[in-house]
Structures are given as C-alpha cells and as structure tokens.
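Student: Below are the chains, spelled out letter by letter.
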Amino acid sequence: MQDNFDSHIGRSTLFWLLLTNIAILSPLFDKIMPWSIGICAICFLWRVGIYFGRVAAPPKLLVTSLAIGAATTLGLVASQIGALNALVNLLLLGYALKYIEMRQVRDVKVLVLVGYFLIGFSLLEYNSILNTLHLLLVSTINTCVLISLYQEQSQPAMESLPESRGNVRITRSKSSLLNLSQFKFSLKLLAQSLPLALILFVVFPRLPPLWLMPSMDNARTGLSNEMAFGDISQLTRSAELAFRVGFDSKSQGRLANQDLYWRTLVLDEYDGKTWHQHPSMQAIQTLVRQIKPTQSTPDLQGHNNKSIAYNIISEPSYQKWLYGLDVATSDDPKLTMLPDHRLYALNDITQRFSYAVVSYPNAVMDRELSKTIASISLQLPKGLNPQTLALAAQFKLDYPKPSDRLAAMMSYFNRQAFFYTLSPPPLGKQQVDDFLFNNKAGFCAHYASALVYMARATGLPARVVAGYQGGEYNPEAGYYSVYQYMAHAWAEVWLEGQGWQRFDPTAMIAPERILDGFDASFDGASSYLSDTLFTSLRFKHTPWLNDLRYKMASLDYYWSLWVLGFDETKKQQVLDKLFGDISLSQLAMIILGLSSVILLLIAYSAGLLHFSFEDKLNRRYLSICQRLINKGLVETKAQVNSQAPLAPIAPMAPITPMAPPQRFAAEIAPKLTQVNPKLAKQFAGFSALYIALKYQNLPPKQRRLKQKRFHALYRKLRFGLLVN
Amino acid sequence: MIHSKPAPDAQLKTQLAAPRQTLLMRLTLKAIPKKLRLRWQKWLAKRIPASRQFTLSHKSIFILPSAFGLAWVGLILLLYLFGTNYQNNLIIGLSLLLASLFQTCIIYSYKNLAGLRLSAIKNPQIYAGGTASFAVELSHHDLGLAASQSNPHGSRDNRHQQICLRFANQHHVRVKHVINEQLTYVPLDNCQRGRLNPGRITVESYFPLGLCRTWSYVDLDLQQIIFAKPKPYEIILSAADKEAQEDEHGLQRAGVSEFNELRAYVPGESLKQVAWKQWAQGKGLLTKTFSQPQGKPLWLLLANITGHDIEERLSKLAWQVDELSRRQQVFGVVLDNAHTIEQNIGDSHRITCQQAIALFQTKSGRDEEASHAG
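Chains as they are written, first to last, in the numbering used here: chain C, 1 to 724; chain W, 1 to 374.
For the record, the hints were derived by calculation from the structure and aren't laboratory data.
This structure is a prediction, so every number in the text was calculated from the model and none was measured.
Virtual Cβ for every residue (Gly too), placed ideally from N, Cα, C.
Where hints are given, some of them may not hold.
[As the list claims (entries may be wrong)] Some chain C residues near chain W, calculated using beta-carbon distances under 8 Å: (1) Phe117; (2) Gly120; (3) Leu124; (4) Tyr150; (5) Gln151; (6) Leu190; (7) Ser193; (8) Val203; (9) Phe204; (10) Pro209; (11) Leu210; (12) Gln351; (13) Phe566.
[What the hints assert, rightly or not] Listed below are the simulated SDA-like cross-link pairs for lysine to any residue, each with C-alpha atoms no more than 20 Å apart in a straight line: (14) W/Lys42 to W/Ile32; (15) C/Lys184 to W/Ile106; (16) C/Lys98 to W/Ala71; (17) C/Lys184 to W/Phe102.
In isolation and in its complexed conformation, chain W is listed as follows:
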C-alpha cells in the first residue's frame, strides 16, 4: 500500500469512548481474592518489567479468543453438526475452513503486535483536572537480527494496525496504522495533584477479523508529577517574613510588571513574547517587553492566598507561578516553613515550583521527604 505523506493529525485518529468497565467485569474483579491479584501483578512485573521503552514479543503478548471468536467457534460447531446430520461433506468442509481461518487469524494477530516498540516520551507538564495525555511513540522494531529493510513481506506501514492503547478503566486511543515513528497520546481522566503512576498501558488489538483479542500490559514507567490545576487569581507578591518586618511599606506591591514597549524581534527570542496582534496587522515581528521589577526580591506566599481548602489555594498559587514566569519575573515560593523555594527565574524554576506545589502535603510528597531525610 502506498501512503502519501499525510498530515500527522489525520494519520492518528483519536476516538474517545466511554471507559470499558462493565458491571460484570467489576464483579469478577471483586471476586478474585486480593492475594491472587497481587501474585498476578508480581508475575506480570517479572514478565514485563517497567521500562521507558518496550518491544512486544512472544513473552509479552497474550492471545485469547474474543466473545466474537467464541461465537465463531459456536458457528463452526453448528455447521459441523448441520453437515453431519445432512451428511453433507461440503458443509463440514466449510466448518473446517472457518476453523482453519480462525487459526490463521491467530498468527496474523500475533504478528500485528510482535515487534511493536513503545517508547515513553518525556512529558513536560500535566496539570490536574481534566484529561492528561501521556505521549507514547509507537514504532516497529525487528525482533530478529535481520535488518528491517531486508524484509520483503508487506510494506512497513501495514505491520501494525488497529492498535488500541489505554490505561486501566480509562478511555482508549486507537492507532489505525503505525507509520514509521508514530506519536500517540494515551488519555488519563481526572488526575489528582501529586505524584501519579498511571500504571500499565493495555495495548490491544482485534486485527484482522476480531476473532481473538491480542493484548499486552506494558509498563512504560510513566511516573509523573501532576501539577495543581491553575486557577486565576490576583497576584499577591510580598516580601518574605524577615524582610516584611523590616519593610514598613507593607505587603502589597501588586502588578509591578507592566507592559513597557514594542521593539523589533531578534531571532532567538521567545515566541511567547511576540506581539502577534501587531504581526497580523502587518507591522512585522515585534517583541513585547516588560519592565523588570527592580528592588526587593518577591515572594509568593501560600499563607496569603485565601480559598475554601488547601487545594483551591494551591491552585491559585500554581496559576501565579505560571503567570509570573510568563512575565519573566524573579520570584520565590513559600509554602510553609519547611517548603521554600529560593527566588529564581526561568522555566526550570517554574517547574521546580510547580513540582513543589504538586507534592505539597500529598502522601507521595511526604514519603519522598522521609526518604531524603533518611
């Protein structure tokens, strides 16, 4: 098959469907004793260890007939009985052909997953709430030692088709063809702030006839810190405790960073600061400059932010961190006495702050501190 170079988003058709957990499945899950489930997890961890990159092979691919496959077997039996009772060899032959077709499909469905390489792509940031997407790159990797170019069978595009990826009890994403290096995003609903381990990705396919489910549970070591959900709020900057006492002028110095002027864009400058509106008006590329705050270093204090609960306050803080970073302003964050991030500037600083906010007063955050202390 010949593929023209399609637009990347057209190649990858993401379709969301409701999470596939029926009542029956939940009941059966409950029926399995915890001990057994733990053992299964252990066995799985040994068989398919966590790794940022994983290539599916016979060790990690499971194949079982799907419900339709069972119906198919039923049809085969029915036809065989029908043929036997009418003593018609051709009907018996048809039933045997269908049985043989089933068998061929098993080979094809195995082939469809074998050699599929999944690589986790580093995810810069994921905010809580809404749907998080974990980027995974799908590609083909030959299991044997032969160079992939020497394979005369089938075009590369048709190696892996109709592959569905999802986290347990989550929406799936479906990849229709794996073409070269195919980037896909596996969704995860309702993430909470803090350190998140989304667990194993179920990689499954019903190709070619839907007779068997071919699947694998891949652990791509997708641990991720989920940032607090930003919530717009008034920016309250203040001097930190000691300085605040010295400075009688008090706490409020809001809205310092004012828009200053437009000047010609210099290649290499952040595109975030390009005045697109002016560019659209045909005035050429211009950069917005902001006046840098001079004077005392500024702190964002969690204590200064009001809200229903700690989560809302953290959300507001997260928004402020992003906003100040966008304005390229120097700031530090004080969460409480034990959690203080020194003033700095730039994206890495922003990430540090957000991570601290994300882990603040969460179980995983506390665990981490304990391990550091130890």
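The shape of chain C in the complex, shown without the other chains:
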C-alpha cells in the first residue's frame, strides 16, 4: 500500500490516539467483559508509557499470543454471552492490542476504521440526542487521528529527532500536547460534510433488514410474561419510560385517562400462584417468524366504527410484545397481530422502535369463541380458594344474567371494605381467599385476578390482561408518555354477542387511579421515586422546572419520531411537505442541484473559488480586448512584438491585452478611430477607467461612481462590437 510517504507516526498522532481510545471505549464499557476491560486498560497504560518514553513497545510474540488467547476464550464463551457481545469484545480487544502493537501508519489507519465501526456500534444502544452529539464528538477526535497523519503541526520549526524506542520510531517535537488546529480542521471537515449527509439521510432508501442479526443480551425490562402478585408492585417503583404515544391530529385530540388501557399481555392460565400465558399462545409467539398468525379484520359493528390512529415509540424492553389500545391493527412489516388482538414484534425491541397503530375501540373482540379458548378461559386450579368458589356460586344464584352478575361482582369490591395499596400484606396458600376475605387490601393484580377467578367459577370465560394504564400528556409536543410505574392489570370477560369486555375492578376501589392517572392517587415519592434518586420526574411539582422537563422530553420525542423512527413513510411525508407532489426524476434533479450547491459552498470555503470585484474588472477588460483582437482591429502578437519589442509580454500570453493597458489603448487607438470613431472613444474611456480602478487609490464614493461607469461602458462596448 502506497499510503503515507513514510512510516513515522508523529507525536500528535500518538496523542490523538490516546484520546480516541478512551473516547471510543468509554460508551461501550458496560458491554465489555471485566477481563476485556483489564486488557484494554493495560494496553492503554502501556501506550501512555510508550508515549512518554518510559517503556518499550511490547514484543510482537506477546501481542500475538495475547490476541490468540483472547480470541479463543471469546470463542468459548460466545454461546454464553451472545454472539453480538462476543463480537464487540473481540473488536475491542483487537482494537486495544493493535493499539499497543502499532508500528506503521497503516496500523493507525486500521485503528481509525475500527474506531468508526465501534462508534457505530455504540449508536446501536446510545441513541438519544446527547449521546449522538457525544459520539459525533468522538468521531471528530477519531478523524483528528487521520488529520494528524497528513497535516503537520502548525509550528514548522521543529527539530526532527528520530528516536528509536523499541520498534516504534517517534518523531519528537516541541509542540504542545493538544493540537487545536488539527481539531478545528477536523471539526470543519465534518461540519462541511454534514449538509450533504443530511440530504442523503432523507433521500437514501431504507431497506428492510437483509438478514437476521444477533442481538445484545440485556436485562429485560417492563412486564414479564407471568404475573405473580408482587410483580406489578415492583414495576410501580420504576420511573423509567416504557413508551410514548402520539395521536394523529385527525383523531379527536386528547383521550381521557380512563380510555387509555394499553393491552400488552393476555394471561389466561392460573396455577394458584401466578398468571401466565397459555402454552398455545406461547407457541404462536415463538413461531411468529415462520407462521404468520391468521389475521382477522376488526369486527366492526357498522354504525360505530370509530378508529384511532397513533404512533408508538417503544423504549427498548428486550422483549417482543408491543402496546396497543383495544383492537389494535398495524401494517408495519416488522410486527404482527396476534389472535388475541395484541401486537407482537418479530424481533426483540433492543432499541427505540416506532410503529403506527390503528385501533378500533368499538370493534367486537371475538364474536365467536372457539372451544379451546373457551375451555382455557374457564380453567381453574383444583381444590383452591373454596371461599371464593362459594361466593361465586352465590353470585350465580342471585344473578342468572351474566352482565348483571359481573356488575354485582364489581360493586362487591366497592361495597366491601377493600382498599388499594401498593404494599399489601403477604398472602397465604389460598391466595384469592386470603385477599378477598382476610386482607382486603391489594393493588390491581389482586383485584383483577380475584374478578377473573370469580367469573370463571360462575362459568364466564375470563382472563387477566396486563399492560399499562394512562399516560402523562406533554403539552409541548402533544404526546403521552407512559412510564413503567403505570403498569396495570385488569380483567376481560367474554360475553355472548359482545365479545371480550374490559372490566377493571381497581376503578371501583381507587377510581382516581383510573380517571386521573397514577399520580393523582399516589405520591410519587413513596412509589416510583423511592428507588431512583435522580430523575427529572422529581420536578413535577415545580411549575417552571416541569415546563423545562416537558420541553426536553418533547425534543427527545421528536428526535425519536423523526430521526430514529425515520422510514420510507416518513420520508414520503417530508418530501410531500417540502416539494409537494413531484416525480422521481424531478426529485433527483432537486437533490442533484442541492448537492452541487453544497459542493460549491465547500469549495468556496476551502478557498478554491473567490469572487471579488477585481476579478470581474479584469475579466471584463480582457474580454473587450479579446473581442477587439478577434475583430481584427488589432495586430496580432507577432506584429506587436516587432513594433514594440520592449513591451513586456508574458511568456505564456498568446495575445496582446497582457501588454500594459495604457500601451494597448494607445496602439489600437488610431486604427479603431479609422474604423469606428464612436467605439474608439468609448474604448479610450473604458481603458482609462480600468487603469484608474485597478491602480489608483480612490476614495470609496468616487470608486463606486467609476465602477458604475466602467460597467455601463462595458455593456455599450459589447453591444457595439456585436453590432459592428
């Protein structure tokens, strides 16, 4: 490779490399296994040692054996930590080892390229605005390394003292550590590249994933696919964002809090301790890539087919289930609709994921109930909770009509002395009995499971639905934020002719929890703020801070919506808004035009083009002279040379205007007067003005006047020469 002219690695390059190393590795530190961190740290310290001339470069054998050892170890543990994690670790180790081993300019370039890839890797998980800006800075530093290879320090007077230390030759200079000019240049280059990158970002095609990639192994957050009685109370201690929803402006503005039941999981099996998904549903979910679940169109009741369109940006949950209201449909290819009207992603949600949903709140959920589902939804563990079963039998006796029976059950929670608490007393073996008859205290999960248990006992198919309830409205950007502490559980009961109907017993005990949201019924400090010390949610009660919080949050929301969630549909929207309805070729022309304007601007700022008056002055003068010559009004070069051998003619100039203007004017005057006296007079004036403007130091006012006259004469002369 014929790259740099020699293989010295300059001192400023080494310094930038030290900086890049930390900058690139720091965002990834939680992906690195502890022993990899150790190796990276040792490599870094070694490099610092080399930089200050304290230690020699390590022998090649040591580095090679370390690399082989690390690679084998990683290969062995790859199955445990996941392929992607293993890959990152491998890259990082390679990066670190190459870092101490580097001897040539070529090695530095490899480091830079791997560095960019690692930056890309960090973007996979860290993709908020701040993270992006941070990684942009890291990219700038990484670019500095390259610049330092090709741009010498600003002080050219430096003693080159090639020194041999180990195998790395270091050129020492007296320059300061930080070379700001290189950083500025790097910043400039990147800043100039940004506009074109933005245009490309908008127009570049977004393809669906080409093949399946391994994903990061991460702790899953949010709901889990089984619900024990303590689970949701754990979630209520988390102030983490679960997802955000923006309703389309076409749908009616704000929805009331009690309409926001975000269905996420349907739990229809109860073993006396926990609720979980039925194996058949789990099978459908695992096979969702291979076998698309049968999709039913929403069963609309004709007269009231209201639909709500909205966009959800899910935070990474490392799970596959998604959120939706009532009967949720979506035509996003990256997700699928399950038979129980939930949305399910094809891949784990490892990064912010944006999808569009249309919900039909009035559609009937399963007008007909298949036998299998009916039997699943009626199942109860044997020999448990006799008191509850007796109560249910009583309800069935008193209210033969299912809807009346359910209404009675709901009001039962209201009439009895139940109360809502996030820290209920522990339950014994007969969980539902304990809750209904002894403790009479619990939260949503307790109430929902008790209701479902009773409904099933009276022969009504019922199930527990886990999800989120409510949402915090951000007036700045007009969207809802749903936090983990809004996790909720409620019941769905199947009624003849009406399908699955939602019943939320919690609303009977703590109606303000449903009507006004979680914050109305609970003090944040005792629940979701108790575990997290620093969160902006603490500012809720200070108005101006809360405003600020809303502003920052909406910025982040738009970022997620328009940058992270930018796809083909969004692209179409942007193009429509910018250019209206245009054809593809027109669009291509516009893009081409914009790009060339950007290129010209870059060229201008690089100092390639300059537009100055003087330039124009010369150009116009020369063009008139050229025209006179072309007309044959002036002798050619050879003749002029013989007549006026003293005229200093530039060696390369083919024509006479290079002769001093005064002499040129004098020479052509007689012949021009002969041919066209008017033109001759004009040219004499033109020439005089040119001389004055070029060589005289004029006061600004006079200068402007002369410029005006110069250009006027230029136009006249051009016209005159054209006509003649």
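Let chain C serve as the given structure and place chain W on it in line with the hints.
Tutor: Frame of chain C, contents of chain W only:
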C-alpha cells in the same frame, strides 16, 4: 497559522524512503502493452506539455481513491448494512456522514494541488554516481485573475501541504508546507554519465485524510548533462601532439602550479582561495596565490590516462579538469582527434570541458554531433 521565519532546512524536511515499486506494480506495468503505454505518454505530453514552469490546474490533476480510500468505502458499506440490519437510522446516518466526508476530502485534496506552481531551477552541475538532486521551486499561483492578496481564506502557508515529489521509481522528497517560494530537491539515484532526461516528476499528495491520491505528472524539461564522476588521479599535463614533437623535453611537467604566497584579501576575489585556516587562527582574511604556469600551453590528454575502461579514464580526466580549474590554470582537453577543446581558463571553460567529457562516446553525444553535421 502563524509561522515564524524558520531556518530553510528545517522547513523542508527531506525524508528518503525506498523506491516504491512493488513486484505487483512491475507486473502490471509489464502487462500493459507497449502500444498502450506509448499512447498514454503521448496523451500526457499533450495534456501536460514539457515546460520549465508549470502550474497545476484541473487539467493536470488526477484524483483517485487510495487503497485506504477503498477501505473507507468498504467501511461505509459495512456500516450501512449494519444499520439496515439493525434498523438503526443513526448508524446509517454515520455511514452517510463518512461518505459525505470522503466527498469533502476530494475537494480539499484538489485544492491542495491546484495552483501549485513548479519551476525548474537551473542546475549548474551534476556528477555521475550517487544521487543527483534536481532543484524545483514550489510556489503558489492563483489560477483565477484575482490578486492573491485578496483571498481571505486561509493563510498562504496552508495552501499546499504534504506534497511529495519524485521521479518514476525513485526516492521521493516530501514538502510539508509550501511557504512562499519553497526550494526543494528531487533526488535521482544512480545517474550515468551523459545527457540525462529524468522524465516526469510525479507530484502527489494524500492530504487531508489519505482517502484519495491526488497526483500529476509534470515535465519540467529537466534535461541535464551528467558529468563524469571525478576520480582523483595524478595530473599529467602535456603538450599536444605537434608541440610535443617539437619539444624534446618530453611530456612530463607535472605539479607546475605551486602555492606561492598569502596576501591580503581584496573584496571580490574568489572565496575559494581564501586561506580559511589562517582566518580561523585570527590572522584576518588572506588570499592564497598560486604561481601561474608560464610557457607552453598545456593539454590534458585522454590518451595519457590509464584505467580499466573508458569510464574510469574519463572519470580521472574529469577530476583533473576540476582540479586545474580550481588552480586557475590554463589548459585544453584532447579526447580524441575529433574532440578537442581549446585552451582557456575559468568556470565556463571548465563546464565546456566537463560537458564534452560527459557526452564523449555516449549515444546522446553522437546524436548531437550527427545533428550538427546535418
């Protein structure tokens, strides 16, 4: 950037590296048919004609991605695939930013060479053997008509950076900054005696990020007569044939020019004759004078010099010519019957002699004679 006035040799850091011709390159060169190479040469000669002074512009600058640039493109594709597969817009954005950066670099690399003016500086003498240096002056010349002072962008010093000059298959010289008029010496290894045309200078740069190679082949019309390599030898002066026959005293009158005396230095006298040793001893500037040979004109005869081959004999002759000139002695050179240089004195005489020696029995020398005869 502000530059203090640095020492000229510090500005210009010449670093020599091994000639860059890998086996692969040689093979590919061989693979190209001769006809095609000739056509390329012709095209080049038309596009970049030979001239003692040449300013690089869009017509003469070539830009192609370097190997690193190709690797960079590979990285862009890799990142795009990575971003697509993980459906991550930011990674796609990063790949597009890198692509755009490449594009910006092309502009900068063009700008780095555009307007660079190369002027050949007349080289008084180059001896065969060892490394010859051809002096080239680098400066900036505005391509447009605008006065260079009016350019507000960037200091003048940063217009052209990291420029590498070399002859084909030769060591390179690297100029880190072109500051005003920058003199640099392009090396050429192993020159042979005779007329030498070193060919085109490759002017190349990888500035700013090494992504693209920007280069040009400039022909500065650097034809040069390479003098024979001087080889110290006993000075044998003799009368030329006719006189030798008349003078029975024979041939040997060696070592005539003896050191005579020291006298006060008169401004304007050659510094070569200043007695530096005495000056260093604090005796003031003194000039060494030599006794001028009186009597018969003296000739250096190639026939009188012994050696393995003609080259060695010519080398010895060349040394004698220099030595006698240094002593300010009158002499003539007889190479053979057809090549005789009349007696004279002074530096121009020395150059004439050396040129004659350089061209003696070489192909270019014979060609020249033939053209004169014709």
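Student: Could you run down the list of hints and mark each one as holding or not?
Tutor: Here is how each hint holds up against the structure:
1. Phe117: Holds: closest Cβ of chain W sits about 7 Å from C/Phe117, inside 8 Å.
2. Gly120: OK, holds: C/Gly120 within 8 Å of chain W, min 5 Å.
3. Leu124: Holds, because the Cβ-Cβ distance from C/Leu124 to chain W comes to roughly 6 Å (cut-off 8 Å).
4. Tyr150: holds, 5 Å
5. Gln151: holds, 6 Å
6. Leu190: holds, 7 Å
7. Ser193: holds, 4 Å
8. Val203: Since the shortest Cβ distance to chain W is 10 Å, the answer is violated.
9. Phe204: C/Phe204 check passes; min Cβ-Cβ to chain W is 6 Å, inside 8 Å.
10. Pro209: holds, 5 Å
11. Leu210: Holds - the Cβ of C/Leu210 comes within 8 Å of chain W, reaching about 6 Å at its closest.
12. Gln351: Result: holds, 6 Å to nearest chain W Cβ.
13. Phe566: Nearest chain W Cβ about 5 Å off; hint holds.
14. W/Lys42 to W/Ile32: holds, 15 Å
15. C/Lys184 to W/Ile106: holds, 19 Å
16. C/Lys98 to W/Ala71: Measuring from Cα to Cα gives roughly 17 Å; hence the hint holds.
17. C/Lys184 to W/Phe102: Judged against 20 Å, a Cα distance of about 18 Å means the pair holds.
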